[in-house]
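Let's have the full structure, built from the sequences with the hints guiding it.
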Amino acid sequence: MTSLAGKTLFITGASRGIGLAIALRAARDGANVAIAAKSAVANPKLPGTIHSAAEAVEQAGGSALALKCDIRDEEQVRAAVAATVDAFGGIDILVN
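For the sequence shown, our numbering gives the first residue as 405, with consecutive numbering after it.
Keep in mind that a hint or two might mislead.
[To be verified] Straight-line distance between alpha carbons at most 25 Å, and here's what the computed SDA-like set of lysine to any residue pairs gives:
id	residue 1	residue 2
1	Lys-449	Lys-411
2	Lys-472	Thr-406
3	Lys-411	Pro-448
4	Lys-411	Asn-500
5	Lys-442	Arg-482
6	Lys-442	Ser-407
7	Lys-449	Ala-487
8	Lys-411	Ile-497
9	Lys-442	Arg-420
10	Lys-442	Gly-465
11	Lys-411	Glu-462
12	Lys-442	Leu-428
13	Lys-442	Asn-500
14	Lys-442	Ser-467
15	Lys-472	Asn-500
16	Lys-449	Gly-465
17	Lys-411	Asp-433
18	Lys-411	Gly-434
19	Lys-411	Ser-456
20	Lys-442	Gln-480
21	Lys-442	Ile-422
22	Lys-411	Gly-493
23	Lys-449	Asp-433
24	Lys-472	Pro-448
25	Lys-442	Gly-452
26	Lys-442	Thr-406
27	Lys-411	Leu-498
28	Lys-449	Ile-497
29	Lys-449	Gly-417
30	Lys-411	Ala-425
31	Lys-472	Thr-416
32	Lys-411	His-455
33	Lys-411	Ala-483
[Stated by the list, open to error] Distance windows between CB atoms, simulated:
id	residue 1	residue 2	range
34	Ile-497	Arg-476	30 to 38 Å
35	Lys-449	Gly-494	31 to 39 Å
36	Ala-409	Pro-448	19 to 27 Å
37	Pro-448	Thr-406	38 to 46 Å
38	Val-445	Arg-476	16 to 24 Å
39	Leu-450	Asp-477	14 to 22 Å
40	Gln-463	Ile-497	16 to 24 Å
Quick caveat, the hints were computed from the structure, so don't treat them as lab data.
Just so you know, even glycine gets a beta-carbon here, dropped at the ideal spot from N, CA and C.
As structure tokens, then:
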């Protein structure tokens with residue numbers, strides 16, 4: 405696998421599951437990871453939030469940006485993409 409060091413990933417649904425696993429793998433390479441998901445507040449039935457995922461990405465060696473975003477809402481997606489570009493200078497990889 406090619407190193408993701410210095411690359412920026414925008415990952416939807418990255419607060420848990422496969423999205424979080426991809427985020428953590430990229431973080432181990434030193435990637436920037438934008439975590440876009442609806443889970444900003446803990447849910448007793450579902451583990452993980454954008455904030456806990458961002459903390460895990462940072463601990464794994466990446467840089468994280470937690471973004472509350474419902475991908476069904478185009479304006480929220482546009483705002484999340486703009487915030488990612490502002491924070492990291494662009495987006496190299498989208499995982500949806």
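Pairwise beta carbon distance, Ala-409 to Pro-448, judged against the given window 19 to 27 Å: violated, 37 Å
Pair hint Lys-442 and Ile-422, alpha-carbon separation not exceeding 25 Å: holds, 15 Å
Just to be careful, I want the Cα atoms of Lys-442 and Ser-407 compared with a cutoff of 25 Å; is the pair within it? Violated. Lys-442 to Ser-407 sits at ~29 Å, over the 25 Å cutoff.
Between Lys-411 and Pro-448, does the CA-CA distance stay at or below 25 Å? violated, 33 Å
Are the Cα positions of Lys-449 and Ile-497 separated by 25 Å at most? Between Lys-449 and Ile-497 the Cα gap is close to 30 Å, so the pair fails against 25 Å, i.e. violated.
Is Lys-411 close enough to Asp-433, meaning Cα to Cα at most 25 Å? With Cα atoms ~9 Å apart, Lys-411 and Asp-433 stay inside 25 Å; holds.
Hinted pair, alpha-carbon criterion (25 Å max): Lys-442, Arg-420. Please report holds or violated. Distance ~11 Å between Lys-442 and Arg-420 Cα, so the pair holds.
Distance restraint hint 30 to 38 Å, applied to the beta-carbon atoms of Ile-497 and Arg-476: violated, 22 Å
Can the suggested window of 31 to 39 Å be confirmed for the beta-carbon pair Lys-449 and Gly-494? Hint holds: Cβ distance 36 Å, inside 31 to 39 Å.
Straight-line alpha-carbon gap Lys-472 to Pro-448, limit 25 Å: holds, 18 Å
With the threshold set at 25 Å, check whether the alpha-carbon distance from Lys-411 to Glu-462 stays at or below it. Cα-Cα ~15 Å, so holds.
Do the alpha carbons of Lys-449 and Gly-465 lie within 25 Å of each other, as the hint requires? Judged against 25 Å, a Cα distance of about 28 Å means the pair is violated.
This entry does not satisfy hints 1, 2, 3, 6, 7, 16, 23, 26, 28, 34, 36, going by the numbered hints stated previously.
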